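K.L.:
Given next are the chains, with one letter for each unit.
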Amino acid sequence: MSADHLAYLPLTEPTFYILLSLAPGKKHGYAIMKDVRALSGGRVRLSTSTLYTALGRLLEQELIERLSEEQGGGPGLPRKFYALTDMGRRVLEAETVRLQGMLREARLRLREGGT
Amino acid sequence: MKDLYAWLLYLFPRTYREEYGEELQAVFNSSMDDALATGIFEALSVLLRELKGLPYAALNAHLRERRKRNMSRKFASRFDFEPGSGKETFAALTPFLFSMVMVLFGYLGRYWIAPIWAPIAFVILFWAAVLGLFLLGSAKGLPRWFLPYLGVLLAIASLFLFNFLVDLRLDVWWYRSSGLESVFNFGNFLWIGLLLLVFLLLAASRVVPRFHPFYQRLRDDWTLLSFLLYGTGPFILLLIFDEYADEEPVVALSLLVLALGGWFYLRNDAPMKRFASLQIGLALSMFVAAAGKAALILWSRSQVLDFTVKGELVFTLKTWLWLAAIMSLPFLLNLLPQRHSVARH
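So the sequences go chain by chain: E and R. Be aware that the first sequence starts at 964, since it is given in this note's numbering, and climbs by one per residue. Be aware that the second sequence starts at 334, since it is given in this note's numbering, and climbs by one per residue.
Bear in mind the hints are in silico, worked out from the structure with no lab data behind them. This structure is a prediction, so every number in the text was calculated from the model and none was measured. Cβ atoms here follow ideal geometry from the backbone N, Cα and C, with glycine treated the same way. Keep in mind that a hint or two might mislead.
[Unchecked claim] Partner residues aside, some chain R positions facing chain E, computed with beta carbon under 8 Å:
no. : residue
1   : Phe361
2   : Ser363
3   : Leu494
Starting from the given sequences, assemble the full structure and let the hints guide the process.
P.N.:
Now the structure itself:
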């Protein structure tokens, strides 16, 4: 397997949460925004324009894809959905492993310091 | 508030607004509605956050737009012609018209003494142009206008291949010991070489990722490969008049007819009409060549060798049939299973 996805690491916190939000399935913009806030315990609160700047960058990097328009929510509201690509999922998995490693080391050191 | 946001969206580049404007507005409206339902302070907090993030996002969108424009400018050039446009037609027909002009220059050149450096400079310029066009066409993903140039190169390469076989004295072996000489002349290996090179080109475009789009284009429109083979026409015409004298006006007329066939090909949309344009162009061009050969043999006193009308007509007929048959083979591409094509931009 190619290690191209490692080039995207480490992810910024908003990027990590956006990708994480899309891990279970496709979502539209506002659903991502609310999910990021919920996942971060209210710490990461994206503005609309900041969210779309991040989505635009992730689209360019082909970590997510924009799906065809569907009507949902309210009448006449445009709904474009976003979904993880295979590469996006690999990047998210690799970042999770990286964070797990950091966490494991941090816990070990803290335990050593505490005894 | 929502109107203010709609107005602020004009800070973004036009293409960005067209792509994301409605989404941005819809998401802003939803977040303001939810915030207002919670309370005025939450709504103010959301509004401040939106106003704070917007200038950076707009600047970012402008920079990204500029980068995209620079990228497309880098790859686009004066050689990206609109299919069916006058420029594309002129570029595609240049090998035919260039050959015609050079033949006529050669004819007129007999009446004045050219300096010794002139033919050397011409050969250097010719090969530099061929190499330059080959690199340009490759870089541009082998556009339609470039295919006749590739045809010329394939014809030259098949002649080299043929000469290589002759150098190995395989022609002598063929005549002496194959036993097939009566049914299949060694000279036909020129066509076998051409076929082999076309297959190699197809295989390479199938295997090399960079040329996958070219392979897919050939699958979508098989007449492109016929047009590429049509590009061998000028070189083949020059070959079949080898060792003739005063043949230039006839060759020039044949080349003009060939160019007209190419013109009709480029101006037609229906595949079968395009294919018919090429076949009719080739047939008429070969007819002109055959009639011209007969006239030269019968009425011109300057012929060096003793050609017979019958022999030359049969040779020209065979040449026409070989090329017409090879140009028809791309139709077989239609019979191969077509993969579901993904959306192409």
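K.L.:
Compare the structure with each hint and give your call.
P.N.:
Hint by hint, here is what the structure shows:
With a cut of 8 Å, the hint placing R/Phe361 at the interface with chain E holds, because the nearest CB-to-CB distance is about 5 Å. Given hint, R/Ser363 at the interface with chain E, holds; its Cβ is 4 Å from that chain's nearest Cβ, closer than 8 Å. Interface hint at R/Leu494: violated, since its Cβ lies 39 Å from the closest Cβ of chain E, which is beyond the 8 Å cut-off.
Hint compliance for this structure: hint 3 alone is broken.
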